[in-house]
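Those protein sequence lines, which keep their order, are chains S and W. The first sequence begins at 190 in the numbering used here and counts up one residue at a time. The second sequence begins at 254 in the numbering used here and counts up one residue at a time.
These are calculated hints, taken from the structure and not from any lab test. Don't be surprised by glycine CBs; every beta carbon is placed ideally from N, CA and C. Do not take every clue at face value.
Claimed, not checked - Simulated DEER-style distance windows between Cβ atoms:
hint, chain 1, residue 1, chain 2, residue 2, range
1, S, K333, W, L386, 51 to 61 Å
2, S, N212, W, Q478, 37 to 47 Å
3, W, L383, S, E375, 57 to 67 Å
4, W, L368, S, A265, 25 to 35 Å
5, W, K342, S, T205, 15 to 25 Å
6, W, A425, S, K326, 45 to 55 Å
7, W, L383, S, A265, 46 to 56 Å
8, W, I379, S, M364, 46 to 56 Å
Unchecked claim - With the C-beta cut set under 8 Å, the calculated list includes, among others, these residues of chain S facing chain W:
hint, residue
9, W208
10, G248
11, F251
12, F282
13, G499
Claimed, not checked - Just a sample of chain W residues kept apart from chain S, beta carbon distances all over 12 Å, derived:
hint, residue
14, V278
15, P424
16, F430
So the chains spell out like this:
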Amino acid sequence: MEYIVEIQDLSKDYETGFWKKKNVRALDGLSLSVEPGQIFGFLGGNGAGKTTTIKILMGLLFPTSGTARILGRDIADVSMHREIGYCPENPYFYDYLTASELMNYFGEIFGLDSRRRKERSAELLTKVGLAEKDWNKQLRKYSKGMLQRVGLAQSLINDPKIVFLDEPMSGLDPMGRREIRELIAELRSSGTTVFMSTHILSDVEALCERVAILRRGKLAATGRLEDLLASSEQQAFEISVSGISAVALSSFAASSGAELSEKPTGISLQVDSESEIDAALKAVRASGGKLLSVQPIRQSLEELFVEKTGTA
Amino acid sequence: MRRSSNTNYFSQIFVIAKNAFREAVRDRILYNLVVFVLLLTGAAIFLGELTAGQEVRTIINLGLNAILLFGAFIAIFVGVGLVSKEIEKRTVYAIFAKPVTRPQFLIGKYLGLCLTLLVNTAVMGIGVTLALLYVGGGDRLASVWAAVFFVFLELCVLTAVAITFSSFSTPALSALFTFFIFVIGHFSSSLREFAAALGSAGAKAVFGTIYYVMPNLSLYGFRTQAAYGLLPDAAAVAAITGYTIVYIAILLSIANFIFSRRNFK
Numbered sequence: 190m191e192y193i194v195e196i197q198d199l200s201k202d203y204e205t206g207f208w209k210k211k212n213v214r215a216l217d218g219l220s221l222s223v224e225p226g227q228i229f230g231f232l233g234g235n236g237a238g239k240t241t242t243i244k245i246l247m248g249l250l251f252p253t254s255g256t257a258r259i260l261g262r263d264i265a266d267v268s269m270h271r272e273i274g275y276c277p278e279n280p281y282f283y284d285y286l287t288a289s290e291l292m293n294y295f296g297e298i299f300g301l302d303s304r305r306r307k308e309r310s311a312e313l314l315t316k317v318g319l320a321e322k323d324w325n326k327q328l329r330k331y332s333k334g335m336l337q338r339v340g341l342a343q344s345l346i347n348d349p350k351i352v353f354l355d356e357p358m359s360g361l362d363p364m365g366r367r368e369i370r371e372l373i374a375e376l377r378s379s380g381t382t383v384f385m386s387t388h389i390l391s392d393v394e395a396l397c398e399r400v401a402i403l404r405r406g407k408l409a410a411t412g413r414l415e416d417l418l419a420s421s422e423q424q425a426f427e428i429s430v431s432g433i434s435a436v437a438l439s440s441f442a443a444s445s446g447a448e449l450s451e452k453p454t455g456i457s458l459q460v461d462s463e464s465e466i467d468a469a470l471k472a473v474r475a476s477g478g479k480l481l482s483v484q485p486i487r488q489s490l491e492e493l494f495v496e497k498t499g500t501a
Numbered sequence: 254m255r256r257s258s259n260t261n262y263f264s265q266i267f268v269i270a271k272n273a274f275r276e277a278v279r280d281r282i283l284y285n286l287v288v289f290v291l292l293l294t295g296a297a298i299f300l301g302e303l304t305a306g307q308e309v310r311t312i313i314n315l316g317l318n319a320i321l322l323f324g325a326f327i328a329i330f331v332g333v334g335l336v337s338k339e340i341e342k343r344t345v346y347a348i349f350a351k352p353v354t355r356p357q358f359l360i361g362k363y364l365g366l367c368l369t370l371l372v373n374t375a376v377m378g379i380g381v382t383l384a385l386l387y388v389g390g391g392d393r394l395a396s397v398w399a400a401v402f403f404v405f406l407e408l409c410v411l412t413a414v415a416i417t418f419s420s421f422s423t424p425a426l427s428a429l430f431t432f433f434i435f436v437i438g439h440f441s442s443s444l445r446e447f448a449a450a451l452g453s454a455g456a457k458a459v460f461g462t463i464y465y466v467m468p469n470l471s472l473y474g475f476r477t478q479a480a481y482g483l484l485p486d487a488a489a490v491a492a493i494t495g496y497t498i499v500y501i502a503i504l505l506s507i508a509n510f511i512f513s514r515r516n517f518k
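With these hints in hand, go ahead and build the complete structure from the sequences.
In structure tokens, the structure reads:
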């Protein structure tokens, strides 16, 4: 499989201090690849190196060591930018321009003719949910959420093969997030690869096929979201019962090591393996309880994230 | 549908220059023209006391020097912010993710401000022309426009100095440095004389080097001659224009060398 993004052993040191003596390593030997046609989630806590990575890919920062390729071409090759899009984190554009003028300006940079620029601008501004009455307002009058939408629209002006979105949901209200989530899903259906950094895990679960989790500049995990959740899943089952008190099962819990807890609907019994389910059910029946459900417990993305990044 | 584009290197520079010009207009830079017109009108009224010849000379002197000073003010203060403001406000992020190279951006921004200065200088030149026609100094117009052309060249050099400093220094320091260069550049020939008069070889070398490195802004000082209706000869105009282009090319190469290596944190 040909990868659309290939990052190899990428490191970045920031120099700090007046005489530039100290180096702070923001990115440490990151290697990772992204397949075309996917929504790739790039996760990590604040300061994990997500934005640094994306900025290196966009040519805004120069790596201290390592290489990266997008669409098979080295990141130093600016002509490759014809086929990519980028929406920076908390995007900020020329505030003396209106949204239409900004779209027109970027369209001109891509060499689109004037009719095409108009069409594309109207199409994209509508798609990101900007009301037409705001198109001709100067961006200095825009709210953060509106700027975020303009940022997304401009990143798609050239109909890119891959688009890099740095925290695309920040500054948006729940309705806005839902709209942008739909837009991102739509991009994938039209064949555009999406590389998005985020720490909003519900968005990742809703959108991303594959993820990479960064921790302090290093890759903590990468793979299909499903596989990552399954591989670190502890085999555990929750048995819910009603009609009896916790005391009735306390001796079983003590002997088997099962976890016993009271819930609003009754009692929950957590066992560590499939074989223990039978014994537990026997004990429930013996004490006259009514079985409500038996469910496997999956690790949530949040738990995985906490485990991999070591931060809550 | 994926469209292949046919833009070339220079049309992208032009797009950036056009936007830089629009930025200057929307930031109300050209409002200084209003002040200029008021100044000139006021002068024309109060100079009524003088004899006709003096009046013409005074309007030319005042007008041309004001064009230079107003322009220098724009070149320095807008020039140092051309690129640094974009870095500070993070507007460069979206630009450099587009198929735009750093030299294209730098040159585009530079040309955008030069275009602003061209419009500014030309409108002021027209103002002086009208004032001259009003006081009956129409015979000096060719000299005045020659001087206006030289002022414009000087402002282009000054803008290049400002953008070069701002490629590695803060806007405040860059403005200060550019202002120093503006002042020292006007005393450039004195520097050479000073170097020649000095005894020690070391001091001669130091001042000699400063003389050659600094832009020779006294070259553009045709304002006094213009007041007397003199005209520069074509060879001098060509030589000075050539000097200007070479000097600007060197400065922009330096600025670009530094700017192309910058990380945008």
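Hint by hint, here is what the structure shows:
1. S:K333 with W:L386: 51 to 61 Å: 54 Å, holds
2. S:N212 with W:Q478: 37 to 47 Å: 58 Å, violated
3. W:L383 with S:E375: 57 to 67 Å: About 60 Å separates the Cβ atoms of L383 of chain W and E375 of chain S, which means 57 to 67 Å holds.
4. W:L368 with S:A265: 25 to 35 Å: Given range 25 to 35 Å: holds, Cβ gap about 31 Å.
5. W:K342 with S:T205: 15 to 25 Å: Given about 23 Å between the Cβ atoms, the range holds.
6. W:A425 with S:K326: 45 to 55 Å: 32 Å, violated
7. W:L383 with S:A265: 46 to 56 Å: 54 Å, holds
8. W:I379 with S:M364: 46 to 56 Å: 55 Å, holds
9. W208: 16 Å, violated
10. G248: With Cβ-Cβ at 6 Å, under 8 Å, it holds.
11. F251: Hint holds; F251 of chain S Cβ to chain W Cβ min 6 Å, cut 8 Å.
12. F282: Since the shortest Cβ distance to chain W is 6 Å, the answer is holds.
13. G499: 25 Å, violated
14. V278: 9 Å, violated
15. P424: 18 Å, holds
16. F430: 20 Å, holds
The structure shown violates the earlier hints numbered 2, 6, 9, 13, 14.
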